[in-house]
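Chains as they are written, first to last, in the numbering used here: chain A, 1 to 135; chain B, 1 to 331.
Hints are computed from structural coordinates only; laboratory data are not their basis.
A couple of the hints might just be wrong.
Unchecked claim - If you want a taste of the chain B side facing chain A, the calculated C-beta under 7 Å gives, among others:
hint, residue
1, Gly18
2, Arg21
3, Ala24
4, Thr28
5, Ala97
6, Leu99
7, Ile103
Each residue gets a CB set at the ideal place from its N, CA and C atoms; glycine is no exception.
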Amino acid sequence: MSAGKIKVILSKVGLDGHDRGAKVVASVLRSAGMEVVYLGMFQTPESIVKAAIDEDADVIGVSYLSGEHLVFTPLIVQEMKAQGLEDVLFVAGGSFPPEDIPTMKAMGIDEVFRGGSLSEDFVNYIRSRAGEKEA
Amino acid sequence: MGIKDLSPKELAQRVLSGDRRAAARVITLVEDQSDNANEMMKELFPHTGRSMIIGLTGSGGSGKSTLIDHLISRFRAMGKTVGVVAVDPSSPFSGGALLGDRIRFQSHSMDDGVYIRSMGSRGYLGGLARATADVVRVMEAMGNEVIIIETLGAGQDEIDIIHVAQTCLLVLTPGMGDDIQAMKAGIMEIADLIVLNKADLDGANLCLRGLEAAVHYGLGEGPGWIPKVMPTVACASKSIDVQGVDDLVKGIMEHQEFLYETRKIDEVRANRIEQELGLVFKDEVEKVVFAGLKGTGKKQGYIESIRAGDNDPYSVVEEVLATFLKVENLE
Chain A
1 MSAGKIKVIL
11 SKVGLDGHDR
21 GAKVVASVLR
31 SAGMEVVYLG
41 MFQTPESIVK
51 AAIDEDADVI
61 GVSYLSGEHL
71 VFTPLIVQEM
81 KAQGLEDVLF
91 VAGGSFPPED
101 IPTMKAMGID
111 EVFRGGSLSE
121 DFVNYIRSRA
131 GEKEA
Chain B
1 MGIKDLSPKE
11 LAQRVLSGDR
21 RAAARVITLV
31 EDQSDNANEM
41 MKELFPHTGR
51 SMIIGLTGSG
61 GSGKSTLIDH
71 LISRFRAMGK
81 TVGVVAVDPS
91 SPFSGGALLG
101 DRIRFQSHSM
111 DDGVYIRSMG
121 SRGYLGGLAR
131 ATADVVRVME
141 AMGNEVIIIE
151 TLGAGQDEID
161 IIHVAQTCLL
171 VLTPGMGDDI
181 QAMKAGIMEI
191 ADLIVLNKAD
201 LDGANLCLRG
211 LEAAVHYGLG
221 EGPGWIPKVM
231 PTVACASKSI
241 DVQGVDDLVK
251 GIMEHQEFLY
261 ETRKIDEVRA
271 NRIEQELGLV
281 FKDEVEKVVF
291 AGLKGTGKKQ
301 GYIESIRAGD
311 NDPYSVVEEV
321 LATFLKVENL
331 E
C-alpha cells in the first residue's frame, strides 16, 4: 500500500520532559524521507492514537526516558487495539534496562531502540516494516 | 475486514457518514495520487461546497498555528465542527518533512468535533500541497462545517490559498519591515484580514499604523471589502492575556456576511472550481501523454535530440500534443 511516504507520529507520553532525543529522531526520520508529525510532550495513549488515526500514520514512535516504559507500553497497545490500529507499527526509543525489552515485546510493542542505537538501525527497521504489518 | 480492503465506493460512503479513519485513508490516497483517488473524489464531490473555508498564511513563526488553536475553540463554542489542513514544507533533498503544526492544537486533541490533518508540501509551490484542494473537499464531505487551511510559512508570493479559501488571513508580526514592505504586491494583496500577531512586542503600534496606511493606499476602485488590520496576542502564559481573538472571529464572520450579501461568494466558489479543473486537467493530460510515450523510447529520443541541439522543448511538446489530440479526437 505504501506507494507514498512513510508517515510517523512521534511523541513523548506522560510527564517526562526530556524531549531532545525525540527531536533528534524526528530530524533523522525527516532526512530519511519520512513525514514526521511531531506531537511533542505530555501526550496520553488516547491522544497519540487519535492523532495516528487522523493522520493515517504507518508508525507510532514514542520516546521513553523516565522509567515509564512498562506503564505506558501496554496502555498504548491496548488503545491501538481498541481503535483498530493493529496494522500500525509501534516502536519506542530511549533509556530502559535491557532486561525489560522481552517484557515490552510481550506487551505488544514491535521494536525498541535503546540509547546508543545507530540511526540506520531504526531507519532501516521502519523502512522495511512500515505498511507491511499484518492487521 | 480492514479499512485497506474496502472498495473506493465503500470508502467514500464511510467518509460521507463521518468516519474519520475512512477519511484519513482517502486523504492518503489523494496525497499519493493513487489510481483510485479520482473514483473516490467523484463520489464525494457532490457532497461538498457548502463549508466555510478560512485560510491563514504568513511567515514561519508568525503564530498561524497558535491562532488556529484559538479559532478552533471559538468555532467549537458556536457548535460547529471544524476541519484543519496544516501544510508544512517537504525537504527538496530527502522528500521528508517535519510536520509540527499539530503540536499547537493540543487543546483539541481529544475533541471528536475536530479533524486535523498535517501535510507535507511535497515540492508543490504556492504555499499549499498539490492535494490540498482535494483534502478540503474530503473534509467537507465528512461533514465539517468550518475548514481552516494553514499554508506553509509563506514568503511574498505564495498566494494559492486565495483559490481555495473564502476568507484569507495574513498573519504578520512586528519587526518584519517598514511600510514599504507592506505596500508591495503579492501576499499583501490577498488578505481579507491582516493580523498583526505578537502585538505586545515593541514597535507594534508603529507597525499597525504602517499596515493601516498601506491598506488605505492600496484600495482599488469602487466599493468593496476593505481589509481590516487586527492586532492579536495569541500566545500567552495565562489565557486571560490572549488578546484580539474575539475581534478576529468577528472580523471573519463580517467578511463572510459581506461575501454572501454581495453574492461575491459565487465568484469565490467559481474561482475555486476553475483552479481545481485546471489542476486535474494538467495532471491527467500529463498522465495520458507520459503513459502513451512509455516503453516507446520516444521520451529518451526527444531528450537526446534537445540535448544535441536538434530540437527544443517547445516544439517537442507541440508535436506530442498534436499527435495525442488527434488520436483522442479532441478538437
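Comparing the hints with the structure gives:
no.: 1; hint: Gly18; verdict: 13 Å, violated
no.: 2; hint: Arg21; verdict: 6 Å, holds
no.: 3; hint: Ala24; verdict: 4 Å, holds
no.: 4; hint: Thr28; verdict: 4 Å, holds
no.: 5; hint: Ala97; verdict: 5 Å, holds
no.: 6; hint: Leu99; verdict: 5 Å, holds
no.: 7; hint: Ile103; verdict: 4 Å, holds
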